[in-house]
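We have chain A already, so just place chain B on it with the hints.
So you can see what is in the structure, the chains are spelled out below.
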Amino acid sequence: MDIPLMIGIFPQVVLDGLVLGFMYALIALGYTMVYGVLEFINFAHSEIFVVGAFVGVEILLGLKARGVLGNLSPFLVLILLLLAGMLVSGLLAAAVERVAYRPLRNAPRLIPLISAIGVSFFLQDAVRLFESLWRNAFNLVYPTMDQLNLRFQLTETIDISTRSLVVIIAALGMLLLLHLLVNRTKIGKAMRAVAEDQATASLMGINVNRIISLTFLIGGAMGGAAGVLFGVQYSLINPYTGFIPGLKAFTAAVLGGIGNITGAMMGGLVLGLLEAFAASYLSLLTNGAFGAEYKDIFAFSILILILIFRPKGLMGEVVRERA
Amino acid sequence: MREWLATRLREPRMAAILSIGMIAVSAALAANYSRSLLAFLLFQASILVLYFARMTRWLKMLLAGLALGILMPTLGTINGYYLEVATQVGIFVALALGLNIVVGLAGLLDLGYVAFYAVGAYTWAIFGSPQAGLFLPESVARFPLGGQWFFLFLLLGVMVAGTTGVILGLPVLRLRGDYLAIVTLGFGEVIRVLANNLDKPINFTNGPKGITPITRPPLFFRPLLDVLGIDAAPSVLYPIYFYFLVLLIVGVVILVNRRLEDSHIGRAWEAIREDELAAISMGIPLVRMKLLAFACGASFAGAMGVLFSAKQVFINPESFTFLESIGVLSMVILGGMGSIPGAILGATVVTVLNLQVLKGLSLWLNELRNAGVTILGYNLAQLPTQLEPAKYERMIFGIILILMMIFRPQGILPARRRTRELGDG
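Residue numbers (the working numbering), protein chains in the order written: chain A, 1 to 323; chain B, 1 to 425.
For reference, chain A alone in the conformation it holds in the complex (with noise of 0.2 Å):
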């Protein structure tokens, strides 16, 4: 074993974990939102996200194509990308919510499970048809943009480049806001109250429908604006990139302890760090017997082990703050 080598990478692999785990937090609040609200896995968020890195590298191609790229400010075409893909997967998760769950509401638990499970592959075959109309092809690249390919460096062997950083500000801020929505506002108290009681919210003049509508959007923006950074971080999507992110954002929820927006949180930069750790040391540990393919199992067996063992989650005892 190479213990110098493994105490030289560790800040560099806690730093990727941290950007994987922020990317995880935001997938997974969509799914530990709607979670809290209807007890529902929606199973179809994964697509949710995917749109929206879509919707991400469509904007960037555009702007690319005029030629004029080049000329703006990469900071103003992030937050437009960002903007554009939390409109269109908040609306889309919106108009989901009211084709193919709401006529499910009051069945039992498995029937709409299985109907996102029908949204989710639609979704990945729709945006490939789109895609092969479109362009002719459904593998895309976004386009780097060379200002957010610039690296710091923070000391000797360990750097992290721009868009990693905005990675991580731009989900530090959207959680920080979605907190404050979700406690401090009007909104946030009618959120927790479908939550809490559909019924007796609905006694108390809030409108269901209307509440639940809203949680879809706003979670489906978090996938959104989850998707763009994912595209800028990693570059390479396909209508088909969501799924594996997608579970493990669930994993993710559940570790945090589903319905519990800080346990999101937390789950995903666990999730995000331990895979790194995995990714990194796994080979070195076990003299290259076992690599870094095993991080896939590393997390679906978290999500097994979390399950059998404490279904609560880590935060499962803390006041259930549900959204």
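Check the hints yourself; a few may be wrong.
To be verified - Pair ranges (Cβ atoms, derived):
#1 A:LEU61 to B:GLU84: 40 to 46 Å
#2 A:LEU80 to B:THR163: 53 to 59 Å
#3 A:LEU61 to B:ARG258: 55 to 61 Å
#4 A:GLN153 to B:TYR378: 51 to 57 Å
#5 B:PHE151 to A:LEU61: 53 to 59 Å
#6 B:ALA390 to A:LYS64: 29 to 35 Å
Calculated directly from the structure, the hints in this document are not laboratory data. Each residue gets a CB set at the ideal place from its N, CA and C atoms; glycine is no exception.
Frame of chain A; chain B shown alone:
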């Protein structure tokens, strides 16, 4: 039209004449126009009509036996693809019937069902190919094992997959419905990733490259053919052989399913599905029954897995993705959860949609594109090359799942005893 057909089918003599006529005509059409998609679809539809027709039991069995046992293989010798489709349909019918026990009868949503199929497939693939020689000493046995071992492994596959089902089931069956679904999904992915990566440190599965060549079962009926004076090459015999093997297994699976459905076990499963709490208070051993459901469903998949690996001669982890699990699920949902004829119909419709309709659409579109046909002023030659209808099976599955859940959750052919949809107690 439907009304007309329904009333005719209720009248025994008419029904017999109608279904015999339809089978004969469609088979003749399919034989004559051996490349026609429509003719073959008509042949399949005629078997469906036969199912609905009201006639004496022995006549129905006779006709079904005639259509599936003689006409189908004959058509298969004319167009090999027909037989391939029929064999695939059979494989998926068995899988759908297995999943039907877990999802339909016991009400446990299993999203990683294909994992058991994979376990069965790898059980034979590893020992029926030189693969096992890579990690077992030659003193144990010489690999690949001979074809006669295939039949033993068919049983072994059932047992290994069943055991896997129990091992997976033990810890997770306490979970609530939707969590159980996600855990089984995770388990399915774990099996696939393992198959993908267990080529080192010890090479069990040969990783993404897959295992080949896998030994096929022996042509033990060769002497009989010689006596009859039939001299056919193995390349002609094997598709028919596998078709009959699949037909045999499907027959056994249907029989087991029907016996289970009305046994105390089947009733216990349905009781659990309807209301767990009530089931427990009636003295049903909950965990044992759920485990049994998992093991039963898994064992069917295991048997089919063994057969699949022998039929394909080559397997790799790509055959066992989440997509396959959802495909089988949508077959069960389409036909009707808990309904045996439903699962058969669902498997047939979805497989035919995937293998024939989508592929046919792709071919047709390509022909139009190459011919440069113009529709409404749009030249089809400009159609994007990436547009391949054959690749859109997810969309089919998705649409089936959404529409069925919203408009007809009990399925096309609902189970007789179905009163409520899957409850989670």
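Outcome of range test on Cβ distance (ALA390 (chain B), LYS64 (chain A); 29 to 35 Å): With a Cβ separation near 32 Å, ALA390 (chain B) and LYS64 (chain A) satisfy 29 to 35 Å, so the hint holds.
Outcome of range test on Cβ distance (LEU61 (chain A), ARG258 (chain B); 55 to 61 Å): holds (57 Å)
Range agreement (Cβ of TYR378 (chain B) with Cβ of GLN153 (chain A), hint 51 to 57 Å): holds (55 Å)
Hint check for THR163 (chain B) and LEU80 (chain A) - Cβ pair distance inside 53 to 59 Å: Between LEU80 (chain A) and THR163 (chain B), where Cβ atoms are some 56 Å apart, the hint holds.
LEU61 (chain A) versus GLU84 (chain B) beta-carbon gap, inside 40 to 46 Å or not: Cβ of LEU61 (chain A) to Cβ of GLU84 (chain B): about 41 Å, so the range 40 to 46 Å holds.
Outcome of range test on Cβ distance (PHE151 (chain B), LEU61 (chain A); 53 to 59 Å): holds (57 Å)
Of the numbered hints given earlier, the model fails none.
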